[in-house]
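Asks: Chain by chain, the residues run as shown.
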Amino acid sequence: MNQQPQLLSGDEAVALAALHAGVRLGTGYPGTPSTEILEAFDKLGGRAQWSPNEKVALEVGLGAAFAGARTLVTMKHVGLNVAADPLFTAAYTDVDGGLVVVSADDPGMASSQNEQDNRHYARAAALPMLEPMDSQQAYDLTLLAFDISERWRIPVILRITTRVCHSKTIVRPRAPLPAGPEATFRRDVPGRVMIPAFAKPAHHRLRHKLAEIDIWNDAEGPNRILPGEPGPAGGLGIIATGIAAVHAREAAPQARLLTIGLTYPLPLETIRAFAGSCERLVVLEEGDPVLHEALMAAGIPAEGKPEMYRFGELSVARVRRILAGDETPEPVPPKGKPPELCQGCSHRGVFEVLRDMDCIVAGDIGCYTLGVLPPFSAMDTCVCMGASIGVGLGLRHVLPEDQARRVVSVIGDSTFVHSGLTGVAEMVYNPPATGHVILILDNGTTAMTGQQEHPGTGRTLSHDPTGKISFEGLARAMGVQNVHVVNFGDEDGTLEALLKDLLARPETSLVVARQPCVLAAPKIRFYEKAAADRLQGCPAAVVDD
Amino acid sequence: MSKVVNVVVAGLGGQGVLKASDILAEAAFRAGFDVKKSELHGMSQRGGSVSSDVRFGDQVWSPMVPAGEADCLVVLEETQIEVNRPVLRPGGVLIGPDLIAPGALKNRKSLNVALLGALSRHLPIPQEHWLAAIHANLAEKLHKLNEQAFALGRAAASGG
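As they're listed, the protein sequences go chains X and C.
All the letters of the first sequence, read from the start, carry residue numbers 1 to 545 under my numbering.
All the letters of the second sequence, read from the start, carry residue numbers 1 to 160 under my numbering.
Only chain C is shown next, with the shape it has when bound in the complex (with noise of 0.2 Å):
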């Protein structure tokens, strides 16, 4: 059996903390992968820590992500990195809010969409099926904000 894939999204609620592991969870699925996406909404609403579980791979079991097992962890708010540090493995990929510079993104509410865009770097998911979860996620005034907001996310993981 191959490995799964896990990710954990954090952040603040509000932040679009569940509508990014959505998108993720989406992806994966339309890529033909098992996947499980798990968190508890309630609490998320009123500006409080959030976070989700996303986990894809042939065969996925229980729908958490082990405390030290996740590949990559997703920050969408400075504050937030160090309480969910600990979810991510030895050697798992940290992508955080610093990776977008300010005023980089039209309008900041994007930002989770654009650290979906570097996450993409680092996960066996197609363009095509990104894409597709974007759009099958958000309202269609909002497609080309987030489909740059994406672009630009995948251009600063790589570096360039």
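Looking at chain X on its own, in the form it has when it is part of the complex (with noise of 0.2 Å):
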């Protein structure tokens, strides 16, 4: 195995060490910053998929993790609030192949629509977390958190930041881990069926895991002191976790440093001895304080950061900041260009009729939240993925008439596909009085996130034919009243007619507006071209016809 040093980003080492740990499935739904990690192992020559969500990618990896194969979960920090309800009980349950979780989280937002702390969650479901600072850690704790999760048989989370899933630091590969055993079926009812009769001493086995754990971080956990360099330190410490370790090093080279890679359970006893150590010890995390009342909570003196630096990332000039106690605003970088719709975008089209109609749009996450901006400005509320059917029809129950029937739910095809068809369930079983419409914005990819496949484009994560999902035929099948699919591209007015005579009805309609992402259309067409000659080469095909 090439061990040479590689300069790859975080989520490329994450690939990478999943590679070597012998992972043998690994699934995720895409989402910035974590959607590079499959595509990667895919790269790499690993077995990656894309599942409809991040519920179901969970479900399908905690699967083969009972079955004894090592697997590893990608998603993006809200993927792990939609994956949260097996998360939580699968940390009841014994795995025996290692299960690795990757919680992407984007504090200051450079693509999402909230900064969530996905600590939190560490410390709910009571599962260990790990958490890397640059490339070469997220690629030694990715398989460290292997081997945790197969020696305790628990679920693992990676907790990895923006900033280190998209730099690129130098990797140097380690020797990989011993192979797996086979995966084959070995019943464990009590391990593996949450009923309260097994799920009350499977709590118990939890947290005696987590304690062994705890003992074991505290002893040999990926927890290091960094001496300072030579210099005028004034007794200062500083307990840093993930990108803060490498700004506070940058930032206060003389200080002596304590980075942690394992933060859940935290090692009390190292950090305990490690403050007694020091004159004055500053805690530095992005996001929230979580660290710091932890340590708050044990009883171990800190400070903390002040309360305008849990928004956004941090850097080394915030970390300066921080460390001299400075809460005067802070220097407002120029304004860069902000993102928009492409040229040539099928989307453009469907918001200007949207626009011009003075439709109530609920929407959705994904490019076509840029409708918002102007010159569209045609979108009223972006919660989460699939709210816009939900808010939609809550908006229709209460509205007054003639309001009510200017609502629209716009989604996009793999958010429809993630969380849409439960948001269809609804809207056929308690319809509002004046109908309602939604509006599938189907161009044929997951395009925010960098053109992904989903089970609505007929393609697997590496591209190759496979099952295809029909959203007209589902509509139709789940009882929606009137079903339409409008090829979008020639602004002839299909689309506002067809908008205009559903809206007028008390009655339920589903319209797929229907056109390829210009970014995507050429590799859609190669792709297509590639199935059909494979399809034409195969003797199997030919007998067949």
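Possibly wrong hints are sitting among the right ones.
Cβ-Cβ distance ranges computed for the label pairs, FRET-style [unchecked claim]:
no.	chain 1	residue 1	chain 2	residue 2	range
1	C	3	X	468	52 to 60 Å
2	X	310	C	103	50 to 58 Å
3	C	106	X	532	28 to 36 Å
4	X	465	C	90	55 to 63 Å
5	X	44	C	139	17 to 25 Å
6	X	224	C	98	46 to 54 Å
Simulated from the structure, these hints should not be mistaken for laboratory data.
Note that this is a predicted model, so its numbers are computed, not measured.
Backbone N, C-alpha and C define an ideal beta-carbon position, used for all residues, glycine too.
Dock chain one against chain two, each of which comes alone in its own frame, and use the hints as you go.
Replies: This is how it looks when you write it as structure tokens:
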């Protein structure tokens, strides 16, 4: 195996470690900044698949781990909300193969709807959490995560942040883990069937595992003390996690620095000893004061950061300000050019129609959220994946009729597969008096995150042909009254006329506005041609004809 | 410890900002330096402002270039110069798109590599590593075009 140093992003480093850990299956749903992990794993020859959403991805991963296979499940921070249901009870189960769940958080919201701090999930679900500070640690801690997962038969969360995911730093690969046993079914009812009779002892088992991991973390966990460079440090000690550790080292090279790699359960005795050796101790962490509050609760005196540094990413400059106790307003960087819908993007025409018709638009997550910006200004809500449908229905139920009739739910194709189906069920089951209109903007790809496949494209993660879901067929089968497909491209007024008609009816409607993403279209044509060529060359296909 | 060299590459989505910083980071890596490169993807293909930080030296800690500490700023789009100027240290080198005359490149898409050619005059990275990095980051059919662009930029920066 190639153990030469490589320049890798944090995402690529996780993928390489997954390969070296002998991961049998990688599952996930695309989401910045996590998307590149499974793509890189696929390119390295690993078996990776996109699931319809993060909940399903984790459930598939859990099944594989029950069968003894090492499994990696990837998602962005808000994806873990979707996967939280299986996560909290997977914690009670005993996995056979290592199961590592990657939560890629986005402090500063480079491309997200919130900056929730998923360190809270480790404590809430009672699962070990590892947090790398650079690509080398992303690699090392991914390997360690599989080790911990199998040793204690517990799922492990690897929390990585945008800056670590997308920064390239040098990685020196190590010797791969010994291969795990072949996957095989071994019945373990009390360990995997979480009815109360089995879940009660399982919760005790979980706490016992955590207590053992805690002791191990203090004794030999991935936590390091870097002595300061020679110079006046003033007795300053810093405890830092994730990217904050490298900022801290640069901002205060003379300070002693304790970096914590396994942040839940915390190595409190290591921290206590370190604290005792410092005259002044400062905790540096991005996001919520999770670490600082844990130290306070443990009776370890330390300084946290002023509230203003809870928001956004940290940087060397911000760390210098925290160390100096500077709470004066920060300089505002000049505003760059905001992103916009691409020239030639099919969403443009749709939002022009919605704007001109003065619709109340319940929007969703994707490129098309940019429809909120001028010159369209045609989106009124955006909360989470799939929310367009439920929020649109809620608006319809209570608004006066003249307003209710203007409400449209707008959702992308990948988002619809992710979380839209239950919304359609709700619409059919509890239809508003004025009816409702769902508009699926089907551009044939998960465009926002970089054109990933999904169950509506009919191609797998590696772009090979597979089963394909028909949105219009699905809507009809679910009992939506009016189902239409508009091949949107030329602005001939078809969509506008159709919407006017449907909005006037007290019926349930679903319209698929179909036009491939301009960026993805050449690739889609390439994949389709490759599939057709393969079919042509296949003797079985000829015989079938 | 020797000083870390800080470079920021900036422009608009679709101009090849990230490709340029990939090539620079790889060239520095091949030259034996510790390297860190950082940017935020996600919205970059949607035509908005994009910038990417590359730092190299004996040992690099943070992957982000602090404001006012860039030794060199490479900008691919005129309108993005003022937006990014605050990253440059006093006396730092600004390399803008006007360095390459309109029509000088066979394909204006290779402006990113041409400006790397100009940048190469200011950095302690041997030419062979630049070329190897260009080859490693671009499809083979683009190698010749981009080698020419690199040479053009390098010549333009020398004033010759």
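Asks: Look at each hint and say if it fits the structure.
Replies: Going down the list of hints, with the structure as the test:
no. : hint                        : verdict
1   : 3(C) - 468(X): 52 to 60 Å   : holds (56 Å)
2   : 310(X) - 103(C): 50 to 58 Å : holds (51 Å)
3   : 106(C) - 532(X): 28 to 36 Å : holds (35 Å)
4   : 465(X) - 90(C): 55 to 63 Å  : holds (58 Å)
5   : 44(X) - 139(C): 17 to 25 Å  : holds (20 Å)
6   : 224(X) - 98(C): 46 to 54 Å  : holds (48 Å)
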